[in-house]
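K.L.:
Chains Y and F, in that order, give the protein sequences.
Numbering that gives the first Met the number 0 applies: residue 0 is where the first sequence begins, and numbers increase by one.
Numbering that gives the first Met the number 0 applies: residue 0 is where the second sequence begins, and numbers increase by one.
It cannot be assumed that every hint is accurate.
Selected chain Y positions facing chain F (in silico; Cβ < 10 Å) [claimed, not checked]:
1. G16
2. Q23
3. L186
4. P236
5. L261
6. R271
7. S658
8. M661
9. E693
Think about it this way: if two alpha-carbon atoms lie no more than 30 Å apart in a straight line, the pair counts; the simulated DSBU-like pairs of lysine-lysine are [claimed, not checked]:
10. F/K1 <-> Y/K695
11. Y/K460 <-> Y/K25
12. Y/K25 <-> F/K1
13. Y/K25 <-> F/K21
14. Y/K769 <-> F/K1
15. F/K1 <-> F/K21
It is worth saying that the hints were derived from the structure and are not from the lab.
No residue lacks a Cβ here, since even glycine has one placed at the ideal position from N, Cα and C.
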Amino acid sequence: MIPRGDVIGKPRRRVDGRAKVTGQTKFADDILLPRMVHGKLLRSSVPHAKIVRIDTSKAEALDGVHLVLTGEAFPIAYGILPVSHDEHALCREVVRFVGDPVAAVIARDEATAERAAHLIDVEYETLRTFASPADSLKYPEPRIHEYGDFGNVHKVVALQFGDVDSAIAGADHVFDDVFFFEGSTHLPIEQHATVATKDPDGKLVVYSSTQTPHYLHRALAKALAMPAAHIRVVATPNGGAFGGKSDPFNHEVVVAYAAMRLDRPVKICLNREEVFYCHRGRHPVLMRFRTGVSKDGRITGLDLQTLLDGGAYGSYGVASTFYTGALQTVTYDIPTYRFRGCRVFTNKPPCGPKRGHGTPQSRFGQEVQLDKIAETLAIDPADLRLKIVQPPDSLTVNFLRVGTIGLADCIRKVVERSGWRDSFRKLPHGRGVGLACSSYLSGAGLPINWNDLPHSGVQLKLDRSGGVTVFCGATEIGQGSDDVLVAMVAEVLGIDPFDVRAVTGDTDLTPVDLGSYSSRVTLMMGHAAIQAAERARALVADAVSAKLEIPKDRLVFADRRVFDSADPDKGTTFREAVCMAEAKFGTLGTTGSYTPPKSPAKFKGGGVGPSPTYSYTAAVVEVDVDPETGWITVPRVWIAHDIGRALNPTLVRGQVEGSVYMGLGEALMEEQVFRRLPAKLSHALVHKFPSILEYKSPTSLDMPEVFTDLIEHPDPAGPFGAKEVGQGPLLPIMPAVANAVYDAVGVRIDSIPVTPEKILRALEAKAAGKPARSGPTTFPDIPWPETLHVTPPWAGGDGRAANEPARPTRRKVDAGIEARAAGMAKNTEARS
Amino acid sequence: MKLRLTMTVNGEPADALVDPNKTLLEVLREDLQLTGTKHGCELGECGACAVLVDDQPLLSCLMVAHECEGRSVVTVEGLTLDGRLHPLQECFADLGAAQCGYCTPGILITAKALLDRDPHPSRDRIREALSGNLCRCTGYQQILDAVEAAARRSLGEGGGEGRTQ
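Based on the sequences and whatever the hints tell you, model everything.
P.N.:
Structure below.
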């Protein structure tokens, strides 16, 4: 449907804007309930150990303590992916990282709970610490988990599309580069908090700062062995999330259990140090790009290997692994491709999805290598990319369906706006510009738990007051989810967004939406909302047409009126129109739902990467580098984003600039890194700086001016033509910074973050006649599994692997979530 | 043992019996139920808990509440006047300066302290004043725009959309 544009496309105050600027948005920790008690988790002080004994007697004896819990209370494992249900709310036999929860205390206040937690005596029997992927590849025993592909390797995958070896061997040039991308964390300013209570009829209610109430709902049902229908999860607005609140967390399960046991409200609000332990952030990734290139700059084949440091649990890791190899091909034309990925377990907080999920690391490698290719072939990096942009309406070598693609326009826009033609390789020593591009999903094409159910559902209620209420399970995490929901409905019904009330993220009240992840909300919820609103509009139009004797196809919904397009004075108010419909049809309610189109990728692993459509971004970053100190600053960034259509340009710009900001943090300073305590202490592997002060992130003084352009070619796959914006614009920033440093001082920084130390080291190497770079040089030998061979679509491939073992047919969805969850936990196939 | 604490909060007398080791942040949120003031670290690192104490922007997580005996405290709940939003609030809402809204109360308070002292700050001056308030969502651009717009609006030049809800 083509919007009239009364709401869509206009810069507007978001519907929850007033709440946010008056401090009235209720975050989880703002919930204060009568008789509420408080919880504190005791976390492991050692990185890897067997729990020999836990003595909770002193804690239990402390005045004000209501309940002390250990792993005994939590026999059932849970996790976000069906293939890695490897977490317990409290560790039962083994602790796997410093920060792994081993016990919990519920007390009259937080201070008492904390005091009591310190009175718990835990005896550990130390196991070998796996501090790095090298450790995990070298020592198969002891295993951090009893599952996984082998030893301490969680997952290895190998996929090949076409004869990549011949394509690379026959290329004019072969580029072989190794890159490293350090891990980083989300650092939402809101610390995770959860309040659980037993409602008056005995059911469980959980309010939590979660991006994924539906998945938390499932996890709680499983972990607590309760019927899902007796659990209500309410996602409170998240005070920032960025992927860090999309797993079910230990504290959520603990407070839920404790509230049911104690029959009173229980709250846990994590402190900042604990947020660093929850993590689920960017995986550190070592990667090797071997790329065949023709003389004129076309890619003949790409052979990519990635090694991910997964930390102590599965989390989204299997998906993260596939994502390091999924999206290269939707950006550039790559006719043959091999991807091999490996994720290992280590004794560190688990990694998972951070903004860009698994794709920023390999995006960095690919975009820096393209800069090197352009340099070698003496082609301008912008022109090189323009030459190899993936064509629109195409199927990639790995069976991803690309719709509209505005990447070439994005490149041309940033080249023009930044004055690229006059600056690239022309600025004085110490100043440089770099260019990079990216693409990202507008929603994952497959759900985490494979089934045939809609990914997003919307219900609409209209009544004689003229008021409209829209219900959807989507979760407001700051991105403007509620605003998009309301705007869709208001546009279709011709009313003001402030006439619509949104009820969201509540598993009792709202239909399921899978959650705020994978940039899926605008597209999927948007389609569902439009469908529900159009159905409501049809009912109202029917009634108005009959009553006022205006042909239905002449009715216009606008300005809170329903009127005759041929005679605008003939019509009625929206409120009257709703009354007519209520009189004619009875109580008014409509629904809408959205399920993404089926992907042609049928091979194992093909579930990661498909999306209804992809967003595209290009960026130029300018840097100043002091050759004496290596000090680097970023004065300006130009960025153009292919958004399809900007539903609310104010919010879209905020997402682009926020992505640039977070990308610059990763590019220049953010590191989730670890160190060994001195041997005379415990020699434990600990987080280097679990505090906001020492985990450096950009302040207002570090932020450059950002020049944002939106490229709007409405995409037929998007609601009103919209694509995603929350994640894609982050991706080009890190490689653009590294490419700009090369332009400024002639050294390659092939590892993220790009720090003054690395720049100085590379400058010293250059002066000494060594390779002018800083970064890894080798990629380890990994025992890859048999490669799955998939014939490319243009060579007659059907999307299946020729040598893939037969897979069990998918089971039909049944009624019981617990039964399904239990069944899926047994399913050892990697499917997400 | 709890001690009596008397302050003026948002222009009204506030009287409470509180633990002597409680921070101002805890008393505001827990004892006075003014949950508009947020916390992101409770170590003075993020700026989310900023409030005005006798017109000075201070981090409430680093103050023992009893230090505020007899003093005047303004929180985000005290920014609205006669049911109308402060120009900073209007502009933050209109211009996308609040995304998740969690750092927003602390930033509004810090920005108010700036504008009270310097009604026409330069963009660099605003950057400097807000450099102790971390925001992970916006990249600060729309926050700077909103403070500038609010300063203009205070001058009667308008700014934002001027929509009052």
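K.L.:
Now look at each hint and say whether the structure bears it out.
P.N.:
The hints, checked one at a time:
1. G16: Holds - the Cβ of Y/G16 comes within 10 Å of chain F, reaching about 3 Å at its closest.
2. Q23: Nearest chain F Cβ about 7 Å off; hint holds.
3. L186: holds (6 Å)
4. P236: Interface hint status for Y/P236: holds (7 Å vs cutoff 10 Å).
5. L261: This interface hint is violated because 20 Å lies over the 10 Å limit.
6. R271: Nearest chain F Cβ about 4 Å off; hint holds.
7. S658: holds (8 Å)
8. M661: holds (7 Å)
9. E693: holds (9 Å)
10. F/K1 <-> Y/K695: The given pair, whose Cα atoms are some 38 Å apart, is violated under the 30 Å limit.
11. Y/K460 <-> Y/K25: Distance ~24 Å between Y/K460 and Y/K25 Cα, so the pair holds.
12. Y/K25 <-> F/K1: With a Cα-Cα distance of about 28 Å, the restraint between Y/K25 and F/K1 holds, given a limit of 30 Å.
13. Y/K25 <-> F/K21: holds (23 Å)
14. Y/K769 <-> F/K1: violated (68 Å)
15. F/K1 <-> F/K21: holds (10 Å)
Of the numbered hints stated above, those contradicted by the structure are hints 5, 10 and 14, listed in ascending order.
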